[in-house]
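Q: Per the working numbering, the very first residue in the sequence shown carries number 1; after that it's consecutive.
To be clear, the hints were calculated from the coordinates, so they are not data collected in a lab.
Even glycine gets a Cβ: it sits at the ideal position worked out from N, Cα and C.
A hint or two may mislead.
Claimed, not checked - Simulated restraints, written as ranges between beta carbons of each label pair:
#  : residue 1 : residue 2 : range
1  : 135       : 31        : 36 to 46 angstroms
2  : 312       : 47        : 28 to 38 angstroms
3  : 312       : 31        : 14 to 24 angstroms
4  : 337       : 180       : 26 to 36 angstroms
5  : 29        : 109       : 15 to 25 angstroms
6  : 278       : 153       : 41 to 51 angstroms
7  : 338       : 111       : 36 to 46 angstroms
8  : 54        : 88        : 42 to 52 angstroms
9  : 202       : 273       : 23 to 33 angstroms
10 : 222       : 362       : 20 to 30 angstroms
11 : 153       : 197       : 34 to 44 angstroms
12 : 217       : 58        : 30 to 40 angstroms
13 : 111       : 208       : 34 to 44 angstroms
14 : 130       : 273       : 20 to 30 angstroms
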Amino acid sequence: MKKLLTTGFFALILAGITSCSVQKNSTAKVELPNKKEVLEVSRRANQYFMNKWPDTGKDIVGKKVWPSNLWTRAVYYEGLIALHSVDPQKEYYDYAMSWANNHKWDLMRGTYTRNADHQACGQTYIDLYEIDGKKHPERIKNVKASMDSMIATKKVDDWWWIDALQMSMPIFTKLGRITGEQKYFDKNYEMYAYTKYKHGGNGLYNQADKIWWRDKDFVPPYKEPNGEDCYWSRGNGWVVAALAKTLHDTPKTDAHYQEYLQDYKDLLAALLPIQREDGFWNVSLHDPTNFGGKEMTGTALFVYGMAYGINNGLIDRDTYLPVLVKAWNAIVKDSVQPNGFLGWVQGTGKEPKDGQPLSIDKVPDFEDYGLGCLLLAGSEVYKLK
Numbered sequence: 001m002k003k004l005l006t007t008g009f010f011a012l013i014l015a016g017i018t019s020c021s022v023q024k025n026s027t028a029k030v031e032l033p034n035k036k037e038v039l040e041v042s043r044r045a046n047q048y049f050m051n052k053w054p055d056t057g058k059d060i061v062g063k064k065v066w067p068s069n070l071w072t073r074a075v076y077y078e079g080l081i082a083l084h085s086v087d088p089q090k091e092y093y094d095y096a097m098s099w100a101n102n103h104k105w106d107l108m109r110g111t112y113t114r115n116a117d118h119q120a121c122g123q124t125y126i127d128l129y130e131i132d133g134k135k136h137p138e139r140i141k142n143v144k145a146s147m148d149s150m151i152a153t154k155k156v157d158d159w160w161w162i163d164a165l166q167m168s169m170p171i172f173t174k175l176g177r178i179t180g181e182q183k184y185f186d187k188n189y190e191m192y193a194y195t196k197y198k199h200g201g202n203g204l205y206n207q208a209d210k211i212w213w214r215d216k217d218f219v220p221p222y223k224e225p226n227g228e229d230c231y232w233s234r235g236n237g238w239v240v241a242a243l244a245k246t247l248h249d250t251p252k253t254d255a256h257y258q259e260y261l262q263d264y265k266d267l268l269a270a271l272l273p274i275q276r277e278d279g280f281w282n283v284s285l286h287d288p289t290n291f292g293g294k295e296m297t298g299t300a301l302f303v304y305g306m307a308y309g310i311n312n313g314l315i316d317r318d319t320y321l322p323v324l325v326k327a328w329n330a331i332v333k334d335s336v337q338p339n340g341f342l343g344w345v346q347g348t349g350k351e352p353k354d355g356q357p358l359s360i361d362k363v364p365d366f367e368d369y370g371l372g373c374l375l376l377a378g379s380e381v382y383k384l385k
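Sequences are here, hints too, so could you generate the full structure?
A: Set out below in structure tokens:
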């Protein structure tokens, strides 16, 4: 971590480290969330959304009109499929199938888009292909063609914002696992490495702090009001999710598996001392004074990443279990409302000020991706033993 920190923030870091040390020694006392309650919360939030959006092909109307296979909805369906994996209800499957069929299993803006946001829906298409035993190759025809078209070029600089990692990396690794073709893993790393080491001048990953800048607009000399770097919570949440999914599908023998693993572990470790006392993380990870307060989406993605790591033996259970349980309990207590509505969700954007101020009852510009983050977290919390 950088040597130059504000006094208040340095104190916060030290307090967090001390807290983590205490937590590690008291893991046996941590009460795991009740599985029935985890499912109830996930079902309640999901039912609220399904009731509100019965037509899976309906355009999303806001400041613009968006087709319903845009990235925000794609993240929701990622979460729905994750929920289906632990709670295999036919209505979840039917809802996802309806959505994919309505979009003819194609990507937003067409098959040969290079934009990661437009490709994100492909993750669910691949999942539905696998759920049905790979009997319907037409379900992945377009997404495979899109990735193959990228592999056919030498261009590797498409992921200029860190959200893109979550939207597209898992598609490459899923296709690599399904087809057994190394080209998907190789292209995935080439593009990841460009984002990590090249974009923004010297890469969007701060090797010192082990956290990611959202894009080139936030690399130094840009600073937060307290003088710290701007690390956006949800943006780093996307990286956590991308790395967890990449590790899930990338062979351990792959030349870059250990780098993914180290980046994943380092980012999670960097989150430990900056968790809020109430269990959430601030939207600005190193400046709690810049729109400080509860925020659900970044927090849920961190819960997902930590729970996944514990469930798959990638990170130390004693260190991370108290942290993720505290965060999950905070989400359940302070974000998920009796009718399933999710409060404290930051709207779309790229930095702490976007979508502010947040509140328990404020409806964000899109309600779908926040639910996707919650369902991803809930599916892994449910698996905890």
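Q: Which hints from the list above does the structure break, by number from lowest to highest?
A: 4, 5, 8, 11, 14
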